[in-house]
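Protein chains: 2
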Amino acid sequence: LRAAHPDHWMKAAAIRTLTLDAVAAANSGHSGMPMGMADVATVLFEKHLRFDPKAPRWADRDRFILSAGHGSMLVYALMYLTGYEDITLQQIKDFRQWGARTAGHPEYGHAAGIETTTGPLGQGIANSVGFAIAEEHLRARFGTSLINHYTYVIAGDGCLMEGISQEAIALAGKQELSHLIVFWDNNGITIDGKVEIADITNQPARFAASGWHVQEIDGHDPVAIDAAIIAAKKDKRPSMIACKTHIALGSSAQDTSKGHGALTDAKLIADTKAAYGWTAAAFEVPAPIKAEWEAMGARGATARTEWEARFNTLSDAKKADFERIFRMEAPKALSAKIRALKKDVSASAPKVATRKSSEMVLEVVNPIMKETIGGSADLTGSNNTLTKDLGTFGPDNRKGRYVYFGIREHGMAAAMNGMVLHGGVRPYGGTFMAFTDYARGAMRLSALMGVPTIYVMTHDSIGLGEDGPTHQPVEHLSMLRATPNTYVFRPADTVETAEAWEIALTSTTTPSVLALSRQNLPTVRTAHTSTNLTAKGAYVLAEATGKRQVILMASGSEVEVAMAARTQLEAAGIGTRVVSVPSMELFRAQDEAYRKRVLPAGPARIAIEAGVRQSWDWLLLGERGREAKAAFVGMEGFGASAPAELLFEKFGITAANVTAKAKALLG
Amino acid sequence: LRAAHPDHWMKAAAIRTLTLDAVAAANSGHSGMPMGMADVATVLFEKHLRFDPKAPRWADRDRFILSAGHGSMLVYALMYLTGYEDITLQQIKDFRQWGARTAGHPEYGHAAGIETTTGPLGQGIANSVGFAIAEEHLRARFGTSLINHYTYVIAGDGCLMEGISQEAIALAGKQELSHLIVFWDNNGITIDGKVEIADITNQPARFAASGWHVQEIDGHDPVAIDAAIIAAKKDKRPSMIACKTHIALGSSAQDTSKGHGALTDAKLIADTKAAYGWTAAAFEVPAPIKAEWEAMGARGATARTEWEARFNTLSDAKKADFERIFRMEAPKALSAKIRALKKDVSASAPKVATRKSSEMVLEVVNPIMKETIGGSADLTGSNNTLTKDLGTFGPDNRKGRYVYFGIREHGMAAAMNGMVLHGGVRPYGGTFMAFTDYARGAMRLSALMGVPTIYVMTHDSIGLGEDGPTHQPVEHLSMLRATPNTYVFRPADTVETAEAWEIALTSTTTPSVLALSRQNLPTVRTAHTSTNLTAKGAYVLAEATGKRQVILMASGSEVEVAMAARTQLEAAGIGTRVVSVPSMELFRAQDEAYRKRVLPAGPARIAIEAGVRQSWDWLLLGERGREAKAAFVGMEGFGASAPAELLFEKFGITAANVTAKAKALLG
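Going down the list, the protein sequences come from chains A and B.
Heads up, the first sequence is in our numbering, so the first residue is 665 and it goes up one at a time.
Heads up, the second sequence is in our numbering, so the first residue is 665 and it goes up one at a time.
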């Protein structure tokens, strides 16, 4: 190949040698993958990828996603070579060092041009389905002159072994995402040895079984790579190109699991460079080769300026709307609509499940926020995620805004991340809260990347009832509250639900989890406030009438329990304040003075939540609380299968129990 | 079919009508699935399943796993009809009620004969791979006269859409698990509508791509069902039988998503029974039909008594060993071996990573506990899970005790659950701790079922270093500690690692997570104690020499930091106790007197752990602690990509920082 395509060879060698040098300098990393896929990447960037390093946020660029994120030097090398401002040669030299943009795995936000954070395997390919859905939808909405691009993915054996990849592949196949093209780095090697020690799957057959267009090529032959991409673009299905490659190509570690990791031996590196015919010093790319790469980078400028010209022919209103949705800015009307809804429900005081409240909010929101895309992992009627106006997204209706994700919580979560990352859409998706467990891998990445994906998690406690403990979350609220940069909302009624949605829909850097009840709850916020009290995290919902001896803290469905206990305690002459705590994260963000006003020292405190205690210790024992005057009413273990009302009774989450505990604390 | 096979029809109708009656009485549940799969289940139980309702724990029984757990009435009906003691008619009548064994989803432990808890979709089929691995291994170990049975699974569309099923299918295919037979309930319906709204996958092609034997049949034709099972048993591959069925067969809700749920309408039920030709009263099975079912149940007694006769020809020692491993009892030698190892390492005081410590323990344990089966999700060299003597489990070596699970954390966890549930083996498996996120669905089920699966989670903090925040757990310790019935061990050195392993290997009802360091740690337990101090959960590792003013609490790699801070504080004349906290769950289980001895009121407290604070609030602010005299040194957000030592420095997890905070608390 070197002899047949000398020019191509040296361009690809630039990626390979930068990888070798950076990994050697860091004394850690993964050399083999960039060395194996350098040919594919070179052809993709030279002949196909529509990108402009000078405008890395251009809305109509092709997206390039390295699902096999451990091969991060491939991305960094490509960005440096083609001239992305954020990735300088110094960044390459600082690979994996403190403060560098060139982290061990590609991190979204570190450098413009890194489309998503990858490393946890399978996430990238699952994100890409979301990217491609967003592209299809926006293409239908704005027309091909404004949106018409491809999503390219490099996935490794690890990505394809992870279950999430199946969810992604099947969803993409059903949705006929023709602008999605996946290169499988078929090198036959994993960390533990040959792939065949753990897998004999015929991957092309597997993709074909889910409706994909499939090709198999030599992943080092530039002519074959180019031809395959051309064929993939022509086909109406998503495309998988199986690229037979040699991991750590050209080194003595080629085709071995050693080649997967960090190749740092000086002699091995020297020998490998010699085999490439590469004579430049470490980190040096000869000027003619660098110039060829920069020319690839420059090529996209024309397309981008032509696109800008077309964009500028739009009306000012359309331009502003397009730019607004890509800035993830909510429409101005949102806050007034939310306020009006709050006012209505404070007056009418409906008794509905907060999952229904959520639907009521969405009925108001979706018509004025055309960028929302809703969905559910096959629990639409239970999650109440579908509103009248959305329409079903599908091959025959790309304008549809509701996605039937199938029974694929993890794939849904990762696809939603991909949609947010693509830009121009704002996804939310539902499942039962207990199945947070299935989606965790992607939910953590929402938080780590700082993308405002919205998770509609209904049936948030034993209130789920007869389906029993497998479906009843108990630890999940604490789990999610332990996760950095995640809003966990557990609204008590429709008003708080509307407030939580408002925060979630205006957040630009934090994902939101809405924990919603299955069972009906009374409206507790019957006095209208235009202020978003949920934004305070916790607030005084009902004040003690006499001397304040007890503070009851609760969230969600247990606020009703707290209110009932307050009635009992007040009747017994015990002044009782109720504090609603829809979001611990937001309360933590308030200043000390506010927190002290809500939770002064002195009164006994009881927290009530149909989950485990762990995340409440802070508010019970800290924030001026005291162990001797604190109690918790909630769950100590898993739930059970029985009607919901009985479960609350049996597990002691009742006003009577709260009242008894309060009296005991007061002695 | 009713006309062609009247006998079969009425037997199957018994399942269908019991389902209709039980769901109607509960006013909740899922009618359609048992109604659709009644024919397959009837043929399986009548012609193939090797079982004895009077001996539901018989080691060599066939296992029947309902992966589509929402169809729980299928299992309950089968158990009642064939005469399992635990499932009486009253239990059927109490379906989904408080205290009943007939929970909404099948719950392991509720009734002998329920092989595993299902409901979270895909878990059952993934468990079944573990069941089949255990069977293959024990068959090789004990011979076909003692172990030679099948694992039968019913999986639905939901199971097959969940990513975990791909991990299971691919692993089973690679492992050529010929005694695994999966019936796919191909009814084309999910909660949201037709399967095709979310999936167009050709499931037979997908299974075939991973090396399965595949058949497609009419799932209501008893002759076809029988023939397919016969063919499946003959084939050397795992077998998938695609059963085309009608959900809610015979009712007006047949073939609709309404039929998936609870059919409770009296007229619908009456009409359906009429269509079946069923005239008996609610919950009544005519005696001749019940007798036929009981005859099926009685059939297995002969096979079972023959098996017992063969078993009784074994030597007493072999019998005892067989019974011991099925009782999940550790060998007597274990405790002495652990003690000897502890004594050695207390003396030699190696400085090794606790993942290496874990390997040192396994090197001692595996040779004396032949029932252990180790494995890793493609991180063998990093998790240190492989010891010399194990051998690789595979089609050519069923005696091998090490499983290369592939890059499949969720599938691994569920397979391990299946192995424990099968009995006779004790699995442990490794991955990076951050990928707990991928395995959560199955890890929660270990806890809920109360099975002692062992998770070897290495690289348990920012100590992982350059791979960066995607690979660095910060919330996971709190997440796992929030989960009921889960031991979370974070040992500080080799001695604590040995103690943690001893507890994990002798636990019979609680899973264990071992959180282990990547980086080397000094031996802190240099004074040998024969007592297992880790079993106390927390204990005084180093006492203050002067007046006790400070208590430093830490786990794992941060115990070293605490000890260094103690040296600094003592040098400054501040008496400092160090409490090692390898397991919060076990400390919580100690009596108040012990807890008070370890954590008396008075001294300032600082907790040190390279994770988030949440689970420490209890020990900082509670247990006689006070907010004004408590501080935490750990992580507030996600980690970063850089060398580990620098990360500890940058995130302030250092002795100097602890010392400064202690001094500040003392004023």
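By construction, these hints were calculated from the structure, which means they are not laboratory data.
Hints may contain errors.
Copies of the same chain look alike in the list, so a pair counts if it works inside one copy or between any two.
Claimed, not checked - In silico BS3-like cross-links for lysine-lysine, where the CA-CA straight-line distance does not exceed 27 Å:
#, residue 1, residue 2
1, Lys1314, Lys922
2, Lys1020, Lys858
3, Lys1020, Lys996
4, Lys982, Lys900
5, Lys1052, Lys922
6, Lys982, Lys1015
7, Lys937, Lys922
8, Lys996, Lys1007
9, Lys922, Lys1020
10, Lys1034, Lys1052
11, Lys718, Lys1015
12, Lys1034, Lys1314
13, Lys1314, Lys757
Please read these numbers as outputs of a predicted model, since none were measured by experiment.
Here is what the structure says about each hint:
Taking the shortest Cα distances, Lys1314 and Lys922 never come within 27 Å of each other, neither inside one copy (57 Å) nor across copies (31 Å). In the homo-oligomer, the alpha carbons of Lys1020 and Lys858 lie at most 27 Å apart only across protomers (24 Å), although the nearest pairing inside one protomer, at 51 Å, exceeds that limit. Taking the closest pair of Cα atoms, Lys1020 and Lys996 come within 27 Å of each other only inside a single copy of the chain (25 Å); across copies the shortest separation is 58 Å, beyond that limit. For the identical chains of this complex, Lys982 and Lys900 are neighbours neither inside a copy (30 Å) nor across copies (63 Å), given an alpha-carbon limit of 27 Å.
In the homo-oligomer, the alpha carbons of Lys1052 and Lys922 lie at most 27 Å apart only across protomers (20 Å), although the nearest pairing inside one protomer, at 55 Å, exceeds that limit. For the homomeric pair Lys982 and Lys1015, neither the shortest alpha-carbon distance inside one copy (40 Å) nor that between copies (65 Å) is at most 27 Å. When the C-alpha separation of Lys937 and Lys922 is checked against a cutoff of 27 Å, the pair qualifies only within one copy, where the shortest distance is 18 Å, while the shortest distance between copies is 65 Å. Only within a single protomer do Lys996 and Lys1007 lie at most 27 Å apart by alpha-carbon distance; the minimum there is 18 Å, versus 70 Å between protomers.
With identical chains, the CA atoms of Lys922 and Lys1020 are at most 27 Å apart between copies only, with a shortest distance of 20 Å across copies and 54 Å within one. Taking identical chains as interchangeable, the C-alpha atoms of Lys1034 and Lys1052 lie at most 27 Å apart only when both belong to the same chain, with a minimum of 13 Å there against 61 Å between chains. Proximity of Lys718 to Lys1015 under the C-alpha cut-off of 27 Å is found in neither arrangement, the shortest distances being 54 Å within a copy and 50 Å between copies. Taking CA atoms no more than 27 Å apart as the test, Lys1034 paired with Lys1314 passes in neither setting, with 45 Å inside one copy and 43 Å between copies.
When the C-alpha separation of Lys1314 and Lys757 is checked against a cutoff of 27 Å, the pair qualifies only between copies, where the shortest distance is 21 Å, while the shortest distance within a copy is 62 Å.
Hints 1, 4, 6, 11, 12 from the list above are not met by this structure, while the remaining hints are.
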